[in-house]
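There are 2 protein chains.
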Amino acid sequence: MAKEITPRSEDYSQWYNNLVVKADLAENSAVRGCMVIKPYGYAIWEKMQAQLDRMFKDTGHSNAYFPLFIPKSFFSREAAHVEGFAKECAVVTHYRLKNDPNGKGVVVDEDAKLEEELIVRPTSETIIWNTYKGWIQSYRDLPLLINQWANVVRWEMRTRLFLRTAEFLWQEGHTAHATREEAVEETEKIINLYADFAENYMAMPVLKGVKSENERFAGAVETYAIEALMQDGKALQAGTSHFLGQNFAKAFDVKFLDRSGKLEYVWATSWGVSTRLMGALIMAHSDDNGLVLPPKLAPLQVIIVPIYRKKEELDQISTVAEELMTMLKKAGISVKYDDRDTHKPGWKFAEYEMKGVPVRIAIGPRDLANGTAEVARRDTLEKNTLPLEGLAEKIPPLLEEIQQQIYRKALRFRDASIYTVDSYEAFREAIEKGGFVLAHWDGTTETEMKIKEETKATIRIIPTESDPEPGKCIVTGKPSPRRVVFARAY
Amino acid sequence: MAKEITPRSEDYSQWYNNLVVKADLAENSAVRGCMVIKPYGYAIWEKMQAQLDRMFKDTGHSNAYFPLFIPKSFFSREAAHVEGFAKECAVVTHYRLKNDPNGKGVVVDEDAKLEEELIVRPTSETIIWNTYKGWIQSYRDLPLLINQWANVVRWEMRTRLFLRTAEFLWQEGHTAHATREEAVEETEKIINLYADFAENYMAMPVLKGVKSENERFAGAVETYAIEALMQDGKALQAGTSHFLGQNFAKAFDVKFLDRSGKLEYVWATSWGVSTRLMGALIMAHSDDNGLVLPPKLAPLQVIIVPIYRKKEELDQISTVAEELMTMLKKAGISVKYDDRDTHKPGWKFAEYEMKGVPVRIAIGPRDLANGTAEVARRDTLEKNTLPLEGLAEKIPPLLEEIQQQIYRKALRFRDASIYTVDSYEAFREAIEKGGFVLAHWDGTTETEMKIKEETKATIRIIPTESDPEPGKCIVTGKPSPRRVVFARAY
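From first to last, the protein sequence lines stand for chains A and B.
Using the working numbering, read the first sequence as starting at 919 and increasing by one per residue.
Using the working numbering, read the second sequence as starting at 919 and increasing by one per residue.
Accuracy of the hints is not assured; some may be wrong.
For chains that are exact copies, the list does not tell them apart, and a pair is met inside one copy or across any two.
[To be verified] Derived DMTMM-like pairs (lysine to aspartate or glutamate); straight-line CA-CA distance at most 25 Å:
{"id": "1", "residue 1": "Lys1022", "residue 2": "Asp1171"}
{"id": "2", "residue 1": "Lys1214", "residue 2": "Glu1240"}
{"id": "3", "residue 1": "Lys1374", "residue 2": "Asp1360"}
{"id": "4", "residue 1": "Lys1031", "residue 2": "Asp1018"}
{"id": "5", "residue 1": "Lys1254", "residue 2": "Asp976"}
{"id": "6", "residue 1": "Lys1051", "residue 2": "Glu945"}
{"id": "7", "residue 1": "Lys1168", "residue 2": "Glu945"}
{"id": "8", "residue 1": "Lys1016", "residue 2": "Glu1034"}
{"id": "9", "residue 1": "Lys975", "residue 2": "Glu1240"}
{"id": "10", "residue 1": "Lys1016", "residue 2": "Glu1006"}
{"id": "11", "residue 1": "Lys1266", "residue 2": "Glu1319"}
{"id": "12", "residue 1": "Lys975", "residue 2": "Glu945"}
{"id": "13", "residue 1": "Lys975", "residue 2": "Asp1256"}
{"id": "14", "residue 1": "Lys1126", "residue 2": "Asp1385"}
{"id": "15", "residue 1": "Lys1266", "residue 2": "Asp1059"}
{"id": "16", "residue 1": "Lys1016", "residue 2": "Glu1033"}
{"id": "17", "residue 1": "Lys1051", "residue 2": "Glu1001"}
{"id": "18", "residue 1": "Lys1031", "residue 2": "Glu1006"}
{"id": "19", "residue 1": "Lys1051", "residue 2": "Asp942"}
{"id": "20", "residue 1": "Lys1266", "residue 2": "Glu1230"}
{"id": "21", "residue 1": "Lys1005", "residue 2": "Glu1034"}
{"id": "22", "residue 1": "Lys1374", "residue 2": "Glu1074"}
Treat the hints as calculated values from the structure; they're not laboratory data.
Next comes chain A alone, as it looks inside the complex (with noise of 0.2 Å):
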């Protein structure tokens, strides 16, 4: 076997840390809880990034780029705004080094102090209203649908690779509207988007709704957001769509002149996800061989593999293979053909296996003499032997069929992961086994924070799609109005 890691029974945790590291997605840098991206798992995000892209651009949003500093003085325009952000950041004080006098290295020249401090983005909601500010004066120019990929930096004390980072790639949309209506509807626009791309991308089912109040993005009226739940029962956040109101407008001051002639304020939206994705992708399907990858999102789709012992065995070999290889990529599929002299057969097999190819398809001398070759799934790790004709044809149903497969087994675990429950007992119970957890909840943050400190279990969403089910607060027996999902999350 060329690399092993942690059984995931073992130390869950551990073993997605060993995973990150042996399929080259991602490793801890030198500056603390900023990660370096290997080129392997860069490219399952450029994957991600295309699709989001297509599908911003297909609902009519456009790319523009905001700046990485933002005045420390805007921060404190947003009263809530500034409690959740501009806290944990880094800190832009000088623009200048000069050579240390002492003649070492180099330090810091105090005479380049900023007369306002710079903060490095954690997110970009008042730079860029402080931005719209000018370029909103008339309904006409209404609605901005504007999104911006970008680096972003929150100053984490705790960080995981991928899940929590000091440094994180990310989309952040950032939308005006002229009325409330067309606002919401935005919001609900794009958690909607989000959650197809999760389950029919990343073939991770998901959960909708809206935040808790003490959940809220700092700034947010309403915050949506889809929850994903990953092998260990945990959740994970992998989305998020606020609805802020007239919040950034009245901050920034950006006012439009209606259709009637009248100055109102604009309705805004803000939504991201970001390279935390990763993190939910290769722990919400991936095994103890290593990465699972849908191949929707699989950087290398089909590995051909030749075994052999003499060269003229790999002669004949490479002949079929590069025949299949060529009809495969016509077909659009990404597909290599892996015969390099250094590395065995079964290295080889472990190696696509740890980075979670989702065909590989083996061919020896046996098989050249039958005419067939060893197609074997990544999902299920089945092996079939086919006939070498008409392979290339069935390759793409079995990758839709794979993609299809993992969904569905991941749903399976999720569904089975449901449990509701009527009293604390039985919710504290459930907490314990790991899943999402239907509860009823008073509605109050004090009962909300006492459940948080008791079972570490945190209000999710509250869904907004399933019919209403009145109930009693399964702490204080005081009337809900329907079940809301907790869980412990990532």
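Given chain A, put chain B in place with the hints provided.
Showing chain B alone in chain A's frame:
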């Protein structure tokens, strides 16, 4: 007219600034020296990125991502590099803000001072070579061909949109090789790739060569560059590719076991182009009516504008226009039909000229009666009435012809602005005219600096491809192996 800009002949600098803003490409932000790239400007940058990314991948490179921050001490490791880069930069000294004890917003929390300051990357050689140390052990790990798309910050005192900004977007390639020859080959391959991109996509002819020692990248053994000529006769460095020798491998102790089992330092290259190319693209081709975009980089290649008085006329025109649009889209052309009733055709014509849309098709009632349309080229401003029948098939070759014509025009201008001189007096005269001046130089930094001080001209490149032609330095009369290229530059 919708918008007007200062004529180019009157004030070139003002013309450029006006154009960047009026064509909705970029604007200054609230943060000194940092720009906002607006959606239309960003769409052009995305076209550049997509093409360059394809070219990098076609030549075997992969993308990855390295931290935004670099520990201060890293800069001191490579002696020349620290001189060039660790000076004017953004320094992060703290990681937390707190509420102002006086109740006025937030202030830096002095308790949250970093032990070692972090520098916002001005370029990433140091952090990347520190990382490569863990990736490279043997010749089997080489070559390492990696590129990064990222933002970087260099604290510039005098900034201009796209041309010189404190924060800018770029790509930086960083490759590692087993031999000197291979690294030099990579350096040259990339400068040729950049020249190909500049000429065949940006329609901008470039001169290729190496920099003098004085103009070399800090830490490089040799810097290759492409230089383009702007319409005001000033040169613009459009891309650089550096052969770094073993400098960074030595600074970060990156060694590998070669095929013979000997431990050797790794050979390196780095190379980059930035959003500065946007400035080059604008200045190379545009005119007093606005942007002129080569079709290959135009986000919108064809605009269709209806000319009408009555609703019925518009309906009839729309039927024809939408049919035409469908056919053009099928041919892979980016096209829009602007039937807004809020703006007059004259306003729209000016607007799309300002934005550099290569082809405008106008259809009025008389055209419908005659079965024709008016086709206008942005590059030459020529208009032709053509039959609607078969029009769609004529557009792709027309776009190709426009691409070629823009290049030919820039090439004619560039070639007419190259002067060969043999005396310092003739040199001064030629430099005043603007353009590239070929002259003999004795190879010393002293003479180079004297020329720069007296004429503001710098050595743009030392040609590597033309035959050597010995002569005498125009300043000192000392021997010179070949003419070098001087110009005043951006």
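State the violated hints by number, sorted upward, taking the hints as numbered earlier in the document. none
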